[in-house]
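K.L.:
Sequence:
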Amino acid sequence: MHMGSRLMKSIRKNLFGVITLVLSAGVLLAFLFSSDGINSLKEISKTIQYHWLIWAVLAAVMAWILEGFVLNMLCKVVYPEWKFRYSFCIGMVGVLYSALTPFSTGGQPMQIYSMHRLGMDTGAAGSIIAMKTLVYQVVLVLYSLVMVIWKLPFFQTNISGFSFLTIFGLVCNSTFIFLVLLFCISERLTDNLLHKGIWLFHKLHLCKHPDERYEKIHRELSVFHGSSFLLRKSWKIYFGACVFTVVQIACTCLIPYFIYRSFGFSQQPVSVIMAAQAYVSMVSAFVPLPGASGGAEGSFVLFFNTFFQNGTIIPAMVVWRTLTYYLNFPVGCICTYIAGRLPALSLSRVQKTA
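Numbering-wise, my numbering puts 286 at position 286 of the sequence shown, and it's gapless, one number per residue.
In case anyone wonders, no lab produced these hints; they're calculated from the structure.
Incorrect hints may have been included.
[What the hints assert, rightly or not] Across the chosen pairs, the derived CB separations fall in these ranges:
1) N158 x T322: 39 to 47 Å
2) P343 x R188: 20 to 28 Å
3) F239 x V57: 28 to 36 Å
4) V146 x R85: 20 to 28 Å
5) V57 x V243: 22 to 30 Å
6) V247 x T175: 21 to 29 Å
7) L142 x Q49: 31 to 39 Å
8) L200 x T322: 37 to 45 Å
9) N305 x Q49: 40 to 48 Å
10) N158 x E81: 32 to 40 Å
11) G240 x Y113: 24 to 32 Å
Using N, Cα and C, we set each Cβ at its ideal position, and we do this for glycine too.
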């Protein structure tokens, strides 16, 4: 009885995560059962070349390492005493909670919370995560555009609705980049939004002491913009962060190529498959479901159906989704557990100078 009550308490505490996993698994099973994917997966498992799958797993691991490495570069601008192992765990916290929440919105707040618990000012942590997100989104859009324009004739010929998907991906990503950039560079805008937000919450009886609340948040925003100023001055760090982010995205884009080779195919060049994956990442990033469920699978089938022939597209999608999404859960949970037990650092923030 005691074990059962503890289990139910754990399930209630993590209800949203459980619902997300059930939803994502349901989408995956729907794809499998609606197209005889189970039998195809059984057949493929008999002939699959596992050494190529090992390369796919290594590419996923390298993407995780680079996520932590780029975050660590930005953290050290503001806090020179910061440690890589902290950045790696925080990076995986972001990966885990982005997979659990719609629009991938849960990762950044949980990262900021974890960084604050480990010794950072909330404002400084917010500015670092904002800059990290900005770098990633800008590089992803530019990388996707370069790759797709390079292979434009191929995609125009083989992908239906290509123009619509292009416009959708560019509008969503460009809007997001503009808003994050505006928030980082404009103190006046953020202060006006804070004033209006506090006033609205006070009118709705959700904030009892508006002046005190404003002063507390305003202090954190001052730290946020001070840290953003330091990061904006560090163009060499940004250049390095962009270079390593390109490598990180390239690792992610190599995963479907390694899966393609593991299925025994070799006709398509690696550049075409990497371009397709870059576009899938850009288009599915703003699907309003946890882990872009449905959108990610559908985008993969749309873009990769030309490559995986003879009924292998659904098994390929299952393997790809496992490596790029489901594998994030056990690794992310382990790193989140470790992050919760790391000792807080005694940090000295580099001060803003004119």
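K.L.:
Please list, smallest to largest, the hint numbers that this structure does not respect.
P.N.:
Hints 1, 2, 4, 9 and 10 not satisfied by this model.
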